[in-house]
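**Q** Using the hints, position chain B against chain A.
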Amino acid sequence: MSAGTAPRRGDFARLLRAEWTKFRTVRGWVLGLAVAALVIVTLGLLSASGSHTSCGGPGDVCSAVPVGPGGEAVDDKFYFVHRSLTGDGGITARVSSMTGHIRKPDVTPGARNVVDGVVPWAKAGVIVKDGTRQGSAYAATMVTGGHGVRMQYDFTHDIAGLPGGVSNDSPRWLRLTRSGEELTGYESADGRHWTTVGTARLAGLPETVQIGLFVASPGDLTVRQADFGGSIQQVRFAEATAVFDQVALEGRTSGGAWERDDIGVTVSPDGSLHHPGGFAQSGDTYTVTGVGDIAPLGEGQRIESTLSGLPAGLLGVIVVAVMFVTAEYRRGLIRTSLLAGPRRGRVLAAKAAVIGTVTFVAAAAAAGITVAVGTRILRSNGNPVLPVSTLTELRVIAGVAALPAVAAVLAFALGALFRNSAAAVTVAVAVIVVPHVLATTSVLPIGAAQWLLRLTPAAGFAVQQSIPEYPHVLAHYAPSAGYYPLAPWAGLAVFCAYAAPALGLAVVRIRRRDA
Amino acid sequence: MRRHLSAEWTKLRTLPGIGWLLLAVVTLTPAASAAAAAMVSCPPAGCAYDVPKLGLMGVQVGQAVVAVLAVLAVTGEYGTGLVRTTFTAMPRRVAVLTAKAAVLTGLTLSAGTAAVLTSVLAGRIILPGNGFVPEHGQPLLSLADGPTFRAAAGSVLYLALIALLSLGVAIAVRDSAIAMGIVFGLLYVLSAVPLMVSDPGWQKLLWQISPMNAGLAVQATARLSDLPLSPWAGLAVLAAWAAAALLCGGLLLRARDA
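Protein sequences, first through last, are from chains A and B. The numbering used here puts the first residue of the first sequence at 1, with every later residue one more than the last. The numbering used here puts the first residue of the second sequence at 1, with every later residue one more than the last.
Treat the hints loosely; a few may be bogus.
Stated by the list, open to error - Here are the in silico distance ranges between beta carbons for each label pair:
| hint | chain 1 | residue 1 | chain 2 | residue 2 | range |
| --- | --- | --- | --- | --- | --- |
| 1 | A | T25 | B | L224 | 31 to 39 Å |
| 2 | A | S389 | B | D199 | 27 to 35 Å |
| 3 | B | A48 | A | V115 | 22 to 30 Å |
| 4 | B | G129 | A | D245 | 50 to 58 Å |
| 5 | A | P342 | B | L5 | 44 to 52 Å |
| 6 | B | H136 | A | T196 | 51 to 59 Å |
| 7 | B | L82 | A | P342 | 31 to 39 Å |
| 8 | A | G504 | B | L5 | 45 to 53 Å |
| 9 | A | P342 | B | L247 | 45 to 53 Å |
| 10 | A | I232 | B | L5 | 47 to 55 Å |
| 11 | B | A222 | A | E469 | 27 to 35 Å |
| 12 | A | V115 | B | D199 | 33 to 41 Å |
| 13 | A | G332 | B | A144 | 56 to 64 Å |
Simulated from the structure, these hints should not be mistaken for laboratory data. Note that CB positions come from ideal geometry on N, CA and C, so glycine has one too.
Chain A extracted, bound-state conformation (with noise of 0.2 Å):
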């Protein structure tokens, strides 16, 4: 290159700029992308108002979801046996046993069908808590149904002890202490040796908790496949028994006899307990029942519940994409643009910055006031919203406003390849708008729209994702119940997998071919 041409970065900007004038004179396209805009505002607010939620009668207003330490909404459902406990201390108990009765799908409509069994989540245990309100900071080790010993704390968190459970034959000791703020949680066979489960250091703990016994039963979940696409989940009632002895206490705790609390039991309309928990003592004995549980909670609207546009969006983004470059080709103009700037890279570079970020423009605002808004009428309508820190709902909105700015880059990119409209088109929306469908409609069984949701660009969805998935919790996680099985910026990182190499090829494809 002679010393007298424009240097390289003028000379990029310059075409960044012919092309961002090639964009806003077109009227149809500026016209294609805000109506793709619109219909993820409008399909989402209208989705938002469509979903109402009673909790009963008229007049009746749903009870707040408790909020955990970490901001997140949570189950803390449980019996709890406790004593007032001041600075440092701790409790040691021997499980003996653990039994239970599960209702499981009526056999005969109308009988209740109950069997004895604990669900692989039920959790008994010792445990450390700030006080009896629901969603307070907890430590905890406990024993599971199907799961052997952890140790949990803030509802998030679980460690893994040993596995196996608990009979007449083969007890389990557990063991949780306090040191300031920090808890750790023992276990052991014989009440002798015992070994370390996990620590926990919870933030702000007060000089007095409360601590003791507990025991939950998360209800036993059933999934079957409705007929019209989409899933029927049910979750039916579970109890658990367990049988606790050698209750040592160490510390300044509370004399006389023990608290018991039914923590965040359901109240009948007529006042009496529906499913209460039970206690009973004889002699060290202690007999205690509980149902619910001590967990995040997964269940309800989130705020990507109001994006259910987005793949309607995208079918407008496509289209606008592909005609961006197949419209050159179809006037001529293609080969004004080359003369104009002769290296053909950096031209197709060029066009695919500016309708990559006029995109990204353009979804960002949708998602903004979709999810801001559409998140209120939900709330108005009574239905409770999972709370997300405002991190992850940044995250939601950036990431939703570049799904569409990929989907456009690798429909740009496919119609610059195959110079025809028809065939960018089709493709675009086959691998990234139908994988989506066939996969959250559940047309498909749960592990092959898992594997499409992994390997097609559609795993790029998952980005907003604001709820994640936890082991320590049984639920029906499957892409129809907006779980993805990628993590929120692995899946658009799978995307942006295809978009670049395709990206590359067209490049590579407009310098060796003519125009």
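**A** What follows is chain B alone, placed relative to chain A:
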């Protein structure tokens, strides 16, 4: 009219890529049906699958190719400017549209028949291996069975109606990218919208007016009373969509410059 038909047939059979598209209809449809059949299984205790619907699952893929074919049959002509020659030679535009629709319907019906028959055959071969046998309460897929025959014949008609719907949209918008966007939106996105609303009344209404959900009701053979529409009423909804699109396209065709 015969001249019109002959001209449209010549244009359609010489459309670039028409052979590949027809091949795609005839191969992708049974391939997707076979994949669906291979993925499910029926335990000895019995299962709740609607077997004919399962065996014809590939129609949901094949319809995309049919839509592309129908759109290209129109926009190819606009793209090259051939349409002006067509209207100079045959000034009665509605007759041209009618001939185009007739030729396209004929082609789709023949390709669709081949695709559906192959799908049924694939289902009959694959499904018994996955436990869909009479001992588990699932008779073999057979066209001699009345409802199964209705599902298969209805699927062929479904594909033809999809072609007509796409043709109407393409005539109206005259651009392949936009036409494809609209058709795919009507088919795939509208079919998922009922799952996004929670109100049962709205859900049912949206299901009934969605061309793909309603039209594919013609494939249902089990639990018909649970469906929001009867099989033929569902296909009639799709026919109404196709008629509306053709009417819209026809009116615009008469009113506008070519």
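**Q** Please go over all the hints and tell whether each is borne out by the structure.
**A** Hint check:
Under the hint 31 to 39 Å, the C-beta atoms of A/T25 and B/L224, about 54 Å apart, miss the expected range. Checked against the hint of 27 to 35 Å, the pair A/S389 and B/D199 passes, with Cβ atoms roughly 31 Å apart. The given range of 22 to 30 Å is respected by B/A48 and A/V115, whose C-beta atoms sit roughly 23 Å from each other. One distance hint, 50 to 58 Å for the beta-carbon pair B/G129 and A/D245, holds here, with the actual separation near 56 Å.
Between A/P342 and B/L5 the CB atoms are about 49 Å apart, so this pair conforms to the stated range of 44 to 52 Å. Separated by about 52 Å at the C-beta atoms, B/H136 and A/T196 satisfy the suggested range of 51 to 59 Å. Distance hint check: the CB atoms of B/L82 and A/P342 are about 33 Å apart, consistent with the given range 31 to 39 Å. Checked against the given bound of 45 to 53 Å, the beta carbons of A/G504 and B/L5, roughly 47 Å apart, stay inside it.
A hinted range of 45 to 53 Å for the beta carbons of A/P342 and B/L247 is consistent with their spacing of about 49 Å. Distance hint check for A/I232 and B/L5: the Cβ-Cβ separation is about 51 Å, which falls inside the suggested range of 47 to 55 Å. Checked against the given bound of 27 to 35 Å, the beta carbons of B/A222 and A/E469, roughly 34 Å apart, stay inside it. Under the hint 33 to 41 Å, the C-beta atoms of A/V115 and B/D199, about 36 Å apart, fit the expected range.
The hinted range of 56 to 64 Å is satisfied by A/G332 and B/A144, whose Cβ atoms lie roughly 58 Å apart.
Of the hints listed earlier, the one the structure fails to meet is number 1.
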